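Undergrad: Chains as they are written, first to last, in the numbering used here: chain A, 9 to 211; chain B, 492 to 818.
Treat the hints with care, since some could be wrong.
Below 20 Å or equal to it, Euclidean Cα-Cα: the simulated EDC-like pairs (lysine to aspartate or glutamate) are [as the list claims (entries may be wrong)]: (1) A:Lys177 / B:Asp772; (2) A:Lys120 / B:Glu653; (3) A:Lys177 / B:Asp588; (4) A:Lys120 / B:Glu638; (5) A:Lys177 / B:Glu683; (6) A:Lys177 / B:Glu760; (7) B:Lys665 / B:Glu653.
Honestly, the hints are just simulated from the structure, not real lab data.
Since we're looking at a predicted model, the values are computed, not measured.
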Amino acid sequence: MKQPTLIALKTIAWLACLWPLTWLLWGAVTNHLGADPTATITFVTGLETLWLLTISLAITPLRRLSPRLGWLIKFRRLLGLFAFFYASLHLLTYVALYAGFDVNAMAADIAKRRYITMGVAAWLLLLPLAATSTNWAIRKLGGTRWRSLHKLVYAAAVCGVIHYWWQVKPGVRTPLTITIVLAVLLIARPIQAWIQRSKAQTA
Amino acid sequence: MLIGKPPEIPSSEITPQNQYLNRRRFMRKALSTSVAASAAALGANRLAEILFPSISVLAGTKLETVQSPLTTTGEQLTSYEDVTHYNNFYEFGVDKDQPAKNAGLLPVRPWTVRVEGLVKRPKTFDIDDLLKLRPLEDRVYRHRCVEAWSMVIPWVGYSLSEFIRQCDPLPSAKYVQFLSYYDKRVEKWGSETSIFWPYSEGLRMDEAMNPLTLLTFGLYGEVLPNQNGAPLRIVVPWKYGFKSAKSIVTVRFLERQPPTTWNDQGPGEYGFYSNVNPSVDHPRWSQKIERRIGQPFYAQRRTTLLFNGYGDQVASLYNGMDLRKFF
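With the rest of the complex left out, here is chain A (with noise of 0.2 Å):
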């Protein structure tokens, strides 16, 4: 891929990923986040980062069916980047304006609320993998050691889902959709996997 294609590309992927938020703090100095803005809020951050873990998941099996897809690798971690920036956020709505920096109401959440500790539990397996997202992490650790650490994403992905649904009433089905996307990415992984042992196999 060309230089300036690429330079295009990110700067749209930058837009995208910075969109929720712009429409966010323009909504909130407008007034303009819906009856309820502090569950709007809650929910646009929380949605953002499971679509924005689903994506950057999405990245590998796609550059598997084709070699000329090699160049999705570039952005997996500008992707896994914008999930840990919305999750922050999201746990900062919940530690503001749900708990209003009552240490003992959290910690009696955390303890007690299933649907929180799962929240927490995703976020701070998120935490190491940004914190050695930089080049110079990569090389200190070292490509096995990197790759066996960053598989943390996957138990962070489905922790999210799972925290999803646990929130919702029962009966609900909202989480259906990013549930279903999220189990045929990592289905994929195994299968993709199969398919080029038995051609290495034939071959």
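Position chain B relative to chain A; hints supplied.
TA: Coordinates of chain B only, in the frame set by chain A:
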């Protein structure tokens, strides 16, 4: 916007609701035989709404009301816009803005309420007679949803007890059950959930007879918009909002506690009583705090009050009961 607030219209000028609905049913039926049935029917509904918007007219009609000593004072009212566009009415979609968009299809006339079960004689009441049964009162109530948000709403209605007296329940009646309208052709969004319809709610007789329990026909001095439970609903201000059944078609008197929709869905999450209680958490979130609708994000937090602040009137109903056990 489907639901408008037109000025007062003489009733003589309102297209009779049944005519309008018959027309719509006819159009739908005619189309259902065509090949592109589902898609075209959707288009026909839209067209019908544009051509014959009379279905929503009732929602703006002024009601004659009197003042009530049971009204809540000292609270800023939630705006008409928020009260009517932020709704839980799953028969018309699970998103908060869906009922306002979809509930125009609810056929609010003709409408009757069937009274059955442990009564001297089963009866059927017409909505227009119920509207005239007692003077309609303006009653501002706090409304606390189990999802931890709240509103302050000026309802219009009279005490449910006034209606129950007309039903002649037998002394053996200990509970009253409310069933909401359900027609899966009208409320096609209901099947997007795994909920068993029609919506069912219930109260113990003494709760139903408490003067605060309101048989509700309007809000903001006007006929209820469909999404708020037209043409009649109950409002039980000291309980979580889902206890206040909407668009009621059947009232049934029973000896035993009736099955209720959310209690069936999650017995550990939604109790039969579901009194607002900050010290009994929902298993998934705290009920100590609520978010007031329509406030900016930094000013939404409120402390939730026991019985939603109506303890003086209702706490005695639960004397000697363990409110943690009977949550």
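Undergrad: Which constraints among the numbered hints does this structure fail? Numbers only, ascending.
TA: 2
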